[in-house]
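*Asks:* From first to last, the protein sequence lines are chains A and Z.
Numbers 6 to 627, taken from this note's numbering, label the letters of the first sequence in order.
Numbers -17 to 335, taken from this note's numbering, label the letters of the second sequence in order.
Bear in mind the hints are in silico, worked out from the structure with no lab data behind them.
Please read these numbers as outputs of a predicted model, since none were measured by experiment.
All clues given are correct.
Derived EDC-like pairs: lysine to aspartate or glutamate, alpha-carbon spacing no greater than 20 Å straight-line:
(1) A:Lys602 <-> A:Glu626
(2) A:Lys272 <-> Z:Glu73
(3) A:Lys446 <-> Z:Glu73
(4) A:Lys152 <-> A:Glu127
(5) Z:Lys306 <-> A:Asp435
Just some of the chain A residues that point at chain Z, by a computed CB distance under 8 Å:
(6) Ala246
(7) Ile314
(8) Glu337
Cβ coordinates follow ideal geometry from the N, Cα and C atoms, glycine included.
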Amino acid sequence: MEGSAALEGASPQRKQLESAVVRFAGDSGDGMQLTGGRFTLATALAGNNLATFPDFPAEIRAPAGTTYGVSAFQINFGAHEIKTAGDTVDVLIAMNPAALKVNLSDMRANGLLLVDSGAFGEKNLRKAGYDHDPLEDDSLKGFRVMKIDMSQLTQDALKDTGLSKKDSLRCKNMWALGLVYWIFDRDRQSTVDWLNSKFAKTPDLAAGTLAALNAGHAFGETAEISSDIGAFTVPPAAIGAGVYHNVTGTEAIAWGLAAGAMLAELKMVFCSYPITPASGILHVLARLKEYGVVTFQAEDEIAAVCAAIGASYAGSLGVTSSSGPGIALKAEGIGLAAATELPLVVINSQRAGPSTGMPTKTEQSDLYQAVFGRNADCPLVVLAASSPADCFETAIEAVRLATKYMTPVMLLSDGYIANASEPWALPDTDAFARFPVQFRKDPEGYHPFLRDPETLARPWAVPGTPGLEHRLGGLERDYDTGNVSYDPANHQRMTDARADKIAGMAREIPAQPVELGNDHGPIAVVGWGSTYGPINLAVEHLRDQGIDAAHIHLRHIWPLPANLGDLLRRYERVLVPELNKGQLITLLRSEYLLPAKGLNKVTGKPFAIVEVEDAVRAWLEA
Amino acid sequence: MNVVAPVEKRLPKEYASDQEVRWCPGCGDYAILKAVQRTLSDVGARPEQTVFVSGIGCAARFPYYLSTYGFHTIHGRAPAIATGIKLANPELDVWIATGDGDSLSIGGNHLLHILRRNVDVQILLFNNEIYGLTKGQYSPTSRAGTRTPSTPEGSIEAPVSAAVFALGTSARFVARAVDTQQKHLPGVLARAYAHKGASLVEILQNCIVYNDGVFAEFTERDVAADRQIHVEHGKPMRFGADGEKGLRIRAGTLELEVVRIGEDGVTEADLLMHDESNRTLAGLLARMTPPTMPVALGVIYCDPAPSYERQVGDQVAKATGTGKTPDLNALLRSGYTWTVGAPRRDSDTSTKA
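Bound-form chain Z, shown alone (with noise of 0.2 Å):
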């Protein structure tokens, strides 16, 4: 019988490893890094089973500033490795730190395909609008009209969300959190590791050296609550200071829009309930963008499916189901053969094995 050991709870700094960590003051992956911790610490993760993964750039130095497992690799290959990682020890809880350049850019296929193939990982995507390893160009997520080194007169391409592409892919868990929002940041990050199957959090980070305040139009604390909606699973979305604004959806159109409670005849019960497992309406909110619309925070969509990894343990645990030892003679003769005896011309038969 197997004994279970109790979980021994670990605080916060022990996840810390002994790297003196090196971002910029004021960056925010610290805070990033602090939540992090503080969710390995609330769900009990043990650092000898927890691999953290990391592509290139600022936010993939995160593995070496805990004390788990942690692999650096190279520039938008993380979600490959992880699959790799997955595909060998499917116990192992893996966890994917990315930016927006690596995982939306140079590693977008590999976002992609993590996604739809759904391999049970948490992806957290700390999304700056920037690079900033390279020294400040523009990336993917970068608004139009950013000036940049690379882009004097200002960029002209659109950009991509982060959610709304997670959501194309078939990802089965989507979610947003602010950087700084250390109350709400973690419960976000355990969901995703609660999830089984690819979960991507998209965390809206501030570069602080080139592309400081860049989320302030909806994180600046005066404007906070007007700007920004924390979903929940099936209660009423309401926003604003009070609580005294909500979403419903337009009559006779597909999109939402913003209501007040008290105002025209609106009430609590003409608001939209948050369904987590509703593709279409996750669409709606992760799309929402300020100062019109409030941006959309928490759990935008879950709704789980068989993890990647546990269909391809199905397929082997069928093919080895009979128990038996792997025998490589038996492989190399499972072909057809011919015996070739002595003297051969008497002996010379065939056998189809």
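Chain A on its own, in the form it takes in the complex (with noise of 0.2 Å):
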């Protein structure tokens, strides 16, 4: 199992594991964000394998201590290959009641609870909604507590900073992360460097922060707890050479994108309205202009397409991201550009639903609205990035083929992507092929819609260009001319042409591969986007017990890759879990008329690996 049930040792020195899952949770404004971000770099930094998996609220700054402010980092990390963010939690940091209330239920049994008692008064266990105080009583017994006064410690520790007793108190969160370095035997330097850093403006802050991540640390060195706690060591993953930054799913699609355009050799015009959790790709595009990269924050989210369609219109790539509610926005825009055939680039950063739904927590239900969600027959490409690394390849995919094809692309990428981190081997950009775009020039026998044989796209003529001058719009287009046509057989023929364009893609995409397994055998496991990690190592589990399952993994959502039905067809079982109602399954059954099961979850929340486990278990032993 990920995460380790190695915790208990005793020993006063400290102990080896495999792999650890720890989890900082506090309120909103107690930085936990902020603090998992650290000890993510400085687990890195110490050669360790990694997932993590940011869960803050949509709230900005939710009443404090509230249950609904709660927000929380977890990491998993370890000496071989992590593939998720962890299924039950060895450590748990509370800095509240409330934080100890919402994350208990994800605790390992025996697992260890550090606690902020001194968060833990009247008014913030009545908030938490506490009748009593969940220390004092026996209602955690299953868990390894340790209570330690955190505040009061901190406050004592940066006493003679200066600082006021709320500047001090705000520290609190550096104390615990020292104490966990301790815990963990990590190195604090690069935290020391970062802090000196960000507070370079803000000398006695600096030395706030300082104070306390130090002090915690002394605390794990001096205090009498190793016997009952444990000290612990995760040593080093075999991890290949390289140079590795820890990237999550927004800046990889950000970078993918800038990537895909300097490829392609086109300016990049990026066109959003803000909406979580896709904001963030906006945010680091809008830093790149000496990338070639013009951003465009528009007044909605259809003036973003539409913009962005301009873009492509006038010659540039044209990119616009959203989550689900604002691509139903933008609907009829991408209608427009599949319908005048104009490269678009269309990233959703999908949420949970319906309507507003759960901004912040993650689901991947916007699988039909990316596949069918348009009026008319008006086919796209649809991929989907398997976790936050993949997101950059996917994102240079989505621009090769919308260039090529002239058409719309979906990429769907969601919040567990988008905010998840995991180390990734840079790679070296200089050896990816390019894809220059080449734009019509010639008037000789030019029209709009003259298309290319083998591919159905039509050529890009953009203004500017002398004698290629022509009217493109949304009314039906003439398959000849380009002309506005109401013809009954030129209504059929464009449509089918569309359409074409779009299947024959699978000509070119690779064929599918299976990800870990036999390519037949009595049951395959079947995902897309960020169920990646759960299943692979659900598979992975099944395997080592002898259970030969198979996982296959969808990059392209539509067109589906052309091996796609036959691979499906080589094995007895076909289990397709999605956290959704069960999306991805109506395509399969309807493509090839398979018996396929889902597995379907919406909690806002990824799978455990034990879910997908249990369920294919279950299968085989109905």
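The two chains are supplied separately, each in an independent frame; assemble them into the complex guided by the hints.
*Replies:* Right under this line is the structure:
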């Protein structure tokens, strides 16, 4: 199982673990995301493999002490390959009663609770909905509890810094981080450097945070806690040589888009309206002007997609990005891009819905919207990224297909991928194949819908080109001239051509591989998007136990890879886990008439590995 | 050295496409099309550098009838599409052809934002106070009481004035013209073309089928001189068949009044001079309605400011100022990185790029 079951060690010496899952939880104002981020970096530098999962409320500063204001950051790290943020938590740092209450159900039995008892006053207990102090009764008896008055200890440590009580208390996350660094034998230097640089202009805060960090660490060293708590070490994983960066999906998509535009030799015009959890892509790209990126914060989602279409019409790479509700607003615009056959990349960072739903919680429920969600027959390309690092390549592929086939491409990410991070061995982009766009320049024989006989793509002729002046629009266009046409046979022919163009792409997209296991057997587990980690590990565990399961993971959702139907028919059972009520499975059933079975969950949280494992086992034993 | 090619003067008809024009016979759009072709000829527009963008509606068919680049898009969104075009290629001359429903109802938001951002485009707002293509429903500019298939008892909504709305958005160029005034309209269009930044020209256009004569009370030959005023920057505001009337501020108020020169001792010196750069004056002019006041035509307001795309370009130029070729590998390594070597434990070093 991912996450270690070996934390019960009672040895005063450091006990070696294969892996551990740590979760920092507190008020949204407690700096838990920042604390987790620092711990992540120190852990990456220690050579561990890792995966993280930030989980925070939609409210920026929910009322302090409430359960709905709890913000958490989970990291799973180990000496072996880590593919998920972990099913259950080994060590929970709870900065107040609400954080304890919300996160306790994810704790492993006999897991370690580090609790700031100083925050367990009557008021906070009441806000969290506790009748009694859980630290004082037996409600935590299934766990090892370490009650530490972090609030007081932080203030004591900072009494000579001149910081106010309020400012001192703001440093208690660093105190907790210092203690966790000691518990896991992590080097503090990267955090020290970071604090010095972050608070360079406010030296007293730099001094305060450093003092808190060191005090927490010293507490671990000197307090007699090791016998019941334990101190651990997680040895480095066997990691390939290279330069690494801990990348989030947000960053990787932004960089992948910039890379794609450069490989296509196009200026990118990225048009977006802020929406959770997609806004981060706009923020990253807004700082990349020197890479030929223009960003445009539009007045609304519709303006964003339309400006992107205008940019593509005029010869740039038009890109827009949103989440489900915003994609719904863009639907008509995407239809225009499909009708006028202009390149357009649409990023959908999916979140729990319908309607506003749960903005900061993940879901995979926009697959129908991506594949089918427009008026009339309006096929386009749909890709899905499977991990933060995979976003980079998938974004490049989106740009390549959009420009080669003159079509909208939708790239599905989700709230989990957007915010989660993983160490990424940075590729050498000089080795990437370029795919420079060839604009039509020659007026001889030109008309706007003169299709390439192989790809069926029309020529990209941009304003500014003498002799190619033409009129383009959403009214149906004549196959042979591009002029407006209401001719019945022509509409049939153009509708067929648009469908054939997208379907024909299956010729060149890579054959669907099997991620893990054999290309035939009793059961294949077929996933897409951010469920990669739990599915892959579940299948790995099953195979370790002698069960011949296979993992197949789709990047190309539409069109589907040409070999997928034949591949899936070689398995006796096809299980499709999805964080929705069963969307890919509908596609697979309708395309291949497969008796596939779904495993569906919509809690706003990723699959636990064990959930996938259990479902496979249950079906095989049925 | 760049060789500037001599401007090849094209005739207005050379700006016509090969497509048959399909507006109703007698539609005001024909007159606007003619005036636009004349303007393009007058300003020496290069067809390959010119883009007409439209949304949906009768007016939106406009691009199909011109020999320039044209993009007939979706309802209300032409300003957003045009903004994307200008961000991709600021050198293009972009015109928007739109109607009162397209730009003030479904696309009101986009009109607001393209004007306030000051994207360098010419917006031709064909205002006929009615929905034509959907067969005659009232529009946001229809006067209260307008009877249509969707308002059989008469509409009850207060209309929006395109020019007043535009001034409210901080637009830097607002003009008004009448479709059939072929001597006047091309001049206004040429001013809009010359203006760097967003320019809005409200063109009062007659819909012969669903709203015929809606502007007749001030466009009919016998009343036109008394119910229209063609404003010109720096000139006194005179109108009437013999220029015998004028506008001035009513003493002790902030409102305009019509006066007659020669009556009550009024001389031309008492009249207001038109100042295009005065937004308050522009607001007063734009609000005038007949029969008590003349309808203001011409360039009501013009006060240039840097265009949106120019400022975007300046930011990009500043970022790329070093002249370095963008390096993808450098981008990927611009955050916090660390190097794993082989054997990895010995060379586990971190770097902060």
